[in-house]
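Enquirer: Can you make the complete structure from the sequences, with help from the hints?
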Amino acid sequence: MYPFKQGSFAPRNGWYVAAFCNEIGEPLLSRWILNQPVVLYRKADGTAVAVEGRCPHRHFPLGDSKRVGDAIQCGYHGITFGADGKCTFVPSQTTVPGVLSIRSYPLVERGLWAWIWPGDPALADESLIPTLQEIGYRLDAGFHAQPFYYTHVSGRYQLLNDNLLDLTHLGYLHGGSIGTADDAATPEVRDQDARRLRSRRTMVNTPPTPAIRQRFGHEGLVDRVSGLDFFFPGFHAGVGDSWVAQGLPDAGKPLADSRVWHAVTPGTRHTTHYFFAMGSNDRDGVEFMVDYLKPVIAEDVFATEAIEKIISTMDEVPTELMLRSDTTAVMGRRVLQAMMDAEAAAQPS
Amino acid sequence: MYPFKQGSFAPRNGWYVAAFCNEIGEPLLSRWILNQPVVLYRKADGTAVAVEGRCPHRHFPLGDSKRVGDAIQCGYHGITFGADGKCTFVPSQTTVPGVLSIRSYPLVERGLWAWIWPGDPALADESLIPTLQEIGYRLDAGFHAQPFYYTHVSGRYQLLNDNLLDLTHLGYLHGGSIGTADDAATPEVRDQDARRLRSRRTMVNTPPTPAIRQRFGHEGLVDRVSGLDFFFPGFHAGVGDSWVAQGLPDAGKPLADSRVWHAVTPGTRHTTHYFFAMGSNDRDGVEFMVDYLKPVIAEDVFATEAIEKIISTMDEVPTELMLRSDTTAVMGRRVLQAMMDAEAAAQPS
Amino acid sequence: MYPFKQGSFAPRNGWYVAAFCNEIGEPLLSRWILNQPVVLYRKADGTAVAVEGRCPHRHFPLGDSKRVGDAIQCGYHGITFGADGKCTFVPSQTTVPGVLSIRSYPLVERGLWAWIWPGDPALADESLIPTLQEIGYRLDAGFHAQPFYYTHVSGRYQLLNDNLLDLTHLGYLHGGSIGTADDAATPEVRDQDARRLRSRRTMVNTPPTPAIRQRFGHEGLVDRVSGLDFFFPGFHAGVGDSWVAQGLPDAGKPLADSRVWHAVTPGTRHTTHYFFAMGSNDRDGVEFMVDYLKPVIAEDVFATEAIEKIISTMDEVPTELMLRSDTTAVMGRRVLQAMMDAEAAAQPS
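Chains as they are written, first to last, in the numbering used here: chain E, 1 to 349; chain X, 1 to 349; chain U, 1 to 349.
Think of the hints as simulated: they come from the structure by calculation, not from any bench.
Please read these numbers as outputs of a predicted model, since none were measured by experiment.
Hints are supplied without guarantee of correctness; some may be wrong.
Just so you know, same-sequence chains aren't split out, so a pair can sit in one copy or run between any two.
Unchecked claim - Below 27 angstroms or equal to it, Euclidean Cα-Cα: the simulated DSSO-like pairs (lysine-lysine) are:
(1) K309 with K66
(2) K294 with K66
(3) K294 with K5
(4) K309 with K294
(5) K253 with K43
(6) K86 with K309
(7) K43 with K86
(8) K253 with K309
(9) K86 with K253
Expert: Pasting the structure below:
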């Protein structure tokens, strides 16, 4: 489906964020992931697990079922599955058919996030998860990282990835808050490797964003670095740093200094889980941004949902017109399409 | 459609409950039945009738039209149809075209229910309607029968039939009210004939259901008989009897003694009319159960709608895993599928 | 789609009402027209314009974007389009690709309406727009014309055209207000030319409509002329004149004397824009009717939406049964189908 080849939805063999760690607890949490119902919960020993969210007997939602110890007892006929997915109890018979099990998904907690591997578990290599160092998540005492918002978006996931892979939108969609015209006008420097696609813009002697003005009362020019690293298939780690511009008193004095993290996870074919988080040595700055960024993220959600509505209503998705600024998004799409092509090729026909 | 063959929706040649008798009166009642709009009303002489709910001229809903005596005058252009479906008046011309008529459905009131035959009227044999005796509806003065709830369910009808054909769910979906683990653990005795499929469970020295505890204050063991007769294609008549268990003081003393009736009628392809009623010699018990069972039936509706949502969202309905407890449901499905196959074979191609 | 051939939706080469003139101003107005997103606004010099409502870069809704002078700056990445549809600015690059433009639709204001040509602009001949004289819109000082209601209807547009092309519904759907049984019983006189299809009914010594009774306190018989001219493809101009009947005191005294205008514009495939307006020398009458006709138009909208719901739910649209009174509607449909057929034939394959 657009913007991918017909029949291509999302790569399955990759780590996606299923939830913020702090969303997972004793209660069962239901979430569609890559068009499969999934249940997340934390075992008595504190381990977070993810299992299939549909009872294989009669399709009842296991997320609306009951925990019995570390197992889930289906709310319909009481069939019970351990956290490993194996059936342990069938109330209506004394033996448990060997085939009776649900999928158990590899799930790893790292940083603020619980990472799920929806594809072949045999390929679930943890070293493919972005490391904390890679994403700028520091473990030193002064660093404060915080999950901001989980949003369930009514639009296909790639629209959000496209959004994040083209930050020329900062000065327009977010022109009243976190961007200026220079975010679009400044050339981008890219760097791609097997794990991630990096894009950076360095702006020198550039007007401050409204956010910097409002938070620091700084009206003068600044220097800024902005950009994101897209870790395939669905995590974007970014920087948003500003300093008082050269030539001004206090030149080089740090203003904003933050790490932002966007996780984009396909839900159903037309819905997306969007997780936004932030970290900084400036704890007050993080607290300030929790409220400040709420309408900003809402703008991205609006764009995604409005575009989904347009392309779903039209008879067919019209051809999109590419600009130079789309290079990064196109590179990112190519990586995902290649992952999907490889999975399709590996599929026994 | 699932769980039937592709292209199979519902048998047409069979008696379905269209409404509780007490729902039908002077005002026009609109209801989709087997994906056809139907209107139900009561003529001046008290006879209940069912006619097509769509004006054949311009598809206006006749249920949103106007009664003129025993006829319906289409609310759009005033074309008028008698209770037999024949057009009696066309306001814009002096003659009535012979072809201008709507379907009039065989409709029979028996017990609490108005039974409709959506298929070929020539085949509408009233003796195929379950008799009052067969369904345990007694006419003696002490017996009190009462329509409880009509619910419009957002799920395909067979999910509700499946629910009723596998009462191992009583101790789980309804574990807090009308079932115990023994409802699942006890073997089932089945009996099938041309009219109905019977299933019964006899539980001896079994814990009382929460309902029995709450209503009778009886905490000791009981003996119970539970089960339903599925009258094809959409009516389930059941028993729920309990006695104080042998070996206890008052052994054999009747506790609950009730007949329950579930009617399941296909509405549109993804909606269902669900009629629940109850009867007993214990009038106070019936009154008690009107409130008591409301959340219980809501649990069945929840299960149906949640399963519908899961199987409608997934790319295709996944294979279901059968257990021994599904035998009755599978037998029931086979009967309906055979009815549909026979109808398809009889269809002129 | 019904009631047209499969694959036929709506003629594109024709003038449709996009909006009442007074709906178009400084703010951007979004409207789907013939299943394309369109934006309407008024330039600084007062000229109303209509352009494509989707940015060709990433499909963002231009109607949710920002005006910059007479141009629209896409709310997403800031790409800017002049009122002629040509791209004038791309924030992320210094040159503007020649192919970067949006459609600019021919738009003409005439009378109360802004007329749009969704098809080939080369064919947009203004002389095809109904003239004020043709629709009975007088420019003399005594004449008062007023836009009444814009309604977004959840039903396919032809259902509304069918409604207006068969006024036998007046005495039934609107029997309590603007029609009597004679609206159906009276034969129709038709006249068709290349521009429009006219239908008139002349009723002599006929009961007054409830509206006439209520407004004029006139209970006696009247003479009436009623009918509409359907200007292809989507405008209906009508008369509703009444006089005190011959033989009564005050015979021939004018009662109602009004022009009504219904514009029907396809929105998406299953939604329609419906514009109703009225004009008369009797300004008080017009004021009276603004409130009086609100429920009347709501009846037409109800009929349209109820029929849409029925035919969309059924497995297929059933055959409709034709009456003599459908002659005008059938003639109207034929004209639209012929327009669509001609457009399909002209399409390069």
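Enquirer: Does each hint hold? Answer for all of them.
Expert: Okay, the hints, checked on the actual structure:
{"no.": "1", "hint": "K309 with K66", "result": "between (37 angstroms within a copy, 19 angstroms between copies)"}
{"no.": "2", "hint": "K294 with K66", "result": "between (34 angstroms within a copy, 21 angstroms between copies)"}
{"no.": "3", "hint": "K294 with K5", "result": "neither (34 angstroms within a copy, 49 angstroms between copies)"}
{"no.": "4", "hint": "K309 with K294", "result": "within (22 angstroms within a copy, 31 angstroms between copies)"}
{"no.": "5", "hint": "K253 with K43", "result": "neither (47 angstroms within a copy, 46 angstroms between copies)"}
{"no.": "6", "hint": "K86 with K309", "result": "between (41 angstroms within a copy, 25 angstroms between copies)"}
{"no.": "7", "hint": "K43 with K86", "result": "within (15 angstroms within a copy, 60 angstroms between copies)"}
{"no.": "8", "hint": "K253 with K309", "result": "neither (44 angstroms within a copy, 55 angstroms between copies)"}
{"no.": "9", "hint": "K86 with K253", "result": "neither (58 angstroms within a copy, 44 angstroms between copies)"}
Checked against the numbered hints above, the structure violates hints 3, 5, 8, 9; every other hint is satisfied.
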